[in-house]
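Q: So the chains spell out like this:
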Amino acid sequence: MPAEDCAVRFEKVTKRFGSQTVLDGVSFEVRQGSAFCLLGRSGTGKSVTLKHIIGLMKPDSGRVRVEGQDVSALSRRDLSRLRTRMGFLFQNAALFDSISVGDNVAFPIRRHAKLAVSDVRDRVRQKLEEVGLEREAGKMPSELSGGMRKRVGLARAMALDPSILLVDEPSAGLDPITAGEIDSLLSQLKSNRGTTLIIVTHNIPSARRLGDELAVLHGGHLIARGPAQELETSDHEVVRGFMRSEGGG
Amino acid sequence: MIERVGLLVAAFLGWIGEVSVFGGRALREAWRRPLELDEVARQVFEIGWRSIPLIVASGFAIGVVLSLHTRASLERFGAEAMIPAGLAIALVRETGPLTAGLLLSGRVGAGIGAELGAMKVTEQIDALEATAVDSFKFLAVTRILACMIALPLLTTVMDFSGIVGGYVAETAVTGISFWLYFDRAFSHLQFSDFIPATLKTVVFGFIIGTVASYLGFTTERGTEGVGRASTRSVVLASILIIAINVVLVKLIFFFYPD
Numbered sequence: 165m166p167a168e169d170c171a172v173r174f175e176k177v178t179k180r181f182g183s184q185t186v187l188d189g190v191s192f193e194v195r196q197g198s199a200f201c202l203l204g205r206s207g208t209g210k211s212v213t214l215k216h217i218i219g220l221m222k223p224d225s226g227r228v229r230v231e232g233q234d235v236s237a238l239s240r241r242d243l244s245r246l247r248t249r250m251g252f253l254f255q256n257a258a259l260f261d262s263i264s265v266g267d268n269v270a271f272p273i274r275r276h277a278k279l280a281v282s283d284v285r286d287r288v289r290q291k292l293e294e295v296g297l298e299r300e301a302g303k304m305p306s307e308l309s310g311g312m313r314k315r316v317g318l319a320r321a322m323a324l325d326p327s328i329l330l331v332d333e334p335s336a337g338l339d340p341i342t343a344g345e346i347d348s349l350l351s352q353l354k355s356n357r358g359t360t361l362i363i364v365t366h367n368i369p370s371a372r373r374l375g376d377e378l379a380v381l382h383g384g385h386l387i388a389r390g391p392a393q394e395l396e397t398s399d400h401e402v403v404r405g406f407m408r409s410e411g412g413g
Numbered sequence: 019m020i021e022r023v024g025l026l027v028a029a030f031l032g033w034i035g036e037v038s039v040f041g042g043r044a045l046r047e048a049w050r051r052p053l054e055l056d057e058v059a060r061q062v063f064e065i066g067w068r069s070i071p072l073i074v075a076s077g078f079a080i081g082v083v084l085s086l087h088t089r090a091s092l093e094r095f096g097a098e099a100m101i102p103a104g105l106a107i108a109l110v111r112e113t114g115p116l117t118a119g120l121l122l123s124g125r126v127g128a129g130i131g132a133e134l135g136a137m138k139v140t141e142q143i144d145a146l147e148a149t150a151v152d153s154f155k156f157l158a159v160t161r162i163l164a165c166m167i168a169l170p171l172l173t174t175v176m177d178f179s180g181i182v183g184g185y186v187a188e189t190a191v192t193g194i195s196f197w198l199y200f201d202r203a204f205s206h207l208q209f210s211d212f213i214p215a216t217l218k219t220v221v222f223g224f225i226i227g228t229v230a231s232y233l234g235f236t237t238e239r240g241t242e243g244v245g246r247a248s249t250r251s252v253v254l255a256s257i258l259i260i261a262i263n264v265v266l267v268k269l270i271f272f273f274y275p276d
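These protein sequences, in sequence, are chains A and B.
First residue of the first sequence? That's 165 in the working numbering, and the numbers climb one at a time after it.
First residue of the second sequence? That's 19 in the working numbering, and the numbers climb one at a time after it.
A few of these clues could be false.
Unchecked claim - With a straight-line cut-off of 20 angstroms between C-alpha atoms, the simulated SDA-like cross-links for lysine to any residue are:
#1 A/K278 with B/L53
#2 A/K278 with B/V74
#3 A/K222 with B/S153
#4 A/K278 with B/D56
#5 A/K222 with B/D152
Stated by the list, open to error - So these bits of chain A aren't anywhere near chain B, every CB distance computed over 10 angstroms:
#6 C170
#7 G189
#8 S239
#9 R245
#10 N256
#11 L259
#12 R320
#13 D347
Unchecked claim - Chain B is faced by these chain A residues, among others (derived, beta-carbon under 7 angstroms):
#14 I218
#15 S244
#16 T248
#17 F252
#18 A258
#19 F260
#20 R275
Derived by calculation from the structure, the hints in this document are not laboratory data.
Using N, Cα and C, we set each Cβ at its ideal position, and we do this for glycine too.
Full structure from sequences and hints, please.
A: Structure follows, in structure tokens:
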């Protein structure tokens with residue numbers, strides 16, 4: 165894949181925690197504007213992979229390139245600039261619990277977009293409308309259900325209209341209807357705005373719907389990668405087992 | 019046994035080293051843009067303004083007790099007239115700063131340790147970083163600076179509350195007038211009593227903010243870890259304040275021998 169088409173590239177990335185090797189020479193690339201779904205059993209390093217992309221973790225060896233830049237080699241300032249072009253939906257939403265829902269979504273806008281107060285308010289309303297929570301702006305995160313928190317987290321992740329959106333288990337713990345709504349929102353982001361999506365999920369139907377490319381992490385290695393149809397006929401038992409399952413979050 | 023004590027001392031010194039590096043980094047980062055002045059102001063309000071009831075009530079009670087004890091001692095020498103001055107000097111030079119430091123290491127240290135610990139285990143600190151905000155600057159540096167600003171101000175409030183408490187105790191016994199009491203209290207008090215003793219609480223503030231922020235940032239193991247960070251913030255900040263106070267008092271006597 166030409167470097168300019170590549171949003172994210174992992175080059176032989178290894179990450180260890182103590183004696184446990186979570187990522188062992190993992191390499192892959194994600195095309196700009198595509199949706200890449202990362203599958204794997206719990207504890208196989210999927211969230212760790214996302215955290216490497218946004219620079220929250222550094223590889224022990226290998227390189228992670230985002231839009232051509234080596235994330236671990238960036239200065240603090242350049243890393244901040246790069247992060248403003250990325251959004252991250254955490255597994256448990258990670259909302260700032262001492263400020264309201266509206267302020268959570270407004271936080272990155274106030275920090276990085278030089279907008280008038282009224283424009284910030286409009287942008288927050290628009291983002292909350294997109295996730296169907298425009299009426300909840302004044303509530304505190306503790307007053308929301310798990311699904312609502314996740315949607316607020318998504319609104320915050322989209323607040324700066326990032327070119328790359330990292331999504332950690334968007335449908336985990338959600339009812340099928342809400343999970344479907346989040347899937348269609350992510351799908352719209354990709355088709356309307358050309359946002360690159362990197363999604364960690366256990367939800368195979370959702371991965372099939374959203375992913376242009378799916379990959380399976382197992383034992384620290386990427387054991388399969390390709391379109392859903394290709395993975396369904398994989399020789400690897402673990403891959404076939406995953407694709408046959410109907411895990412819904 | 020000796021080996022075990024040695025290991026404990028080595029571990030404690032190692033920990034002190036890590037906290038010192040953390041605090042040194044905070045002092046360096048404080049000058050780097052963005053200065054986060056809004057957040058510092060918000061923290062000064064949270065730490066300072068919200069501590070005022072505790073400081074006023076404690077200072078008042080300490081003033082009453084000190085007055086009662088001083089009266090019992092000075093009566094023997096017929097030196098009751100010196101009670102206001104003696105009490106004011108004791109409060110301003112030592113009792114006020116040290117008590118304010120210890121009280122705030124409890125209230126503020128526990129609060130910062132628990133708040134940052136909870137943010138760490140719920141990935142809110144990672145979320146800050148992911149939104150391109152320097153979490154160390156935004157959370158730790160602002161709190162450390164706020165403690166350094168709030169401590170001297172609160173110490174002054176405590177000193178004044180203590181003197182008022184002393185007045186109330188004295189007037190209940192002797193009926194001394196407000197103006198006479200304050201005239202006697204401040205007649206022997208000099209700026210060299212007030213300024214160094216109050217400024218040393220900037221160091222107490224630095225200790226409280228640094229220890230609590232460090233423990234919050236290094237919290238592990240979920241809610242149990244949050245509780246531990248909170249408790250350890252209070253214990254370790256209090257021990258360090260008491261120990262550093264000895265050095266600071268010695269330094270003050272060196273520079274202000276009178």
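Q: Taking each numbered hint in turn, which are not upheld by the structure, reported in ascending numerical order?
A: 2, 9, 10, 11, 12
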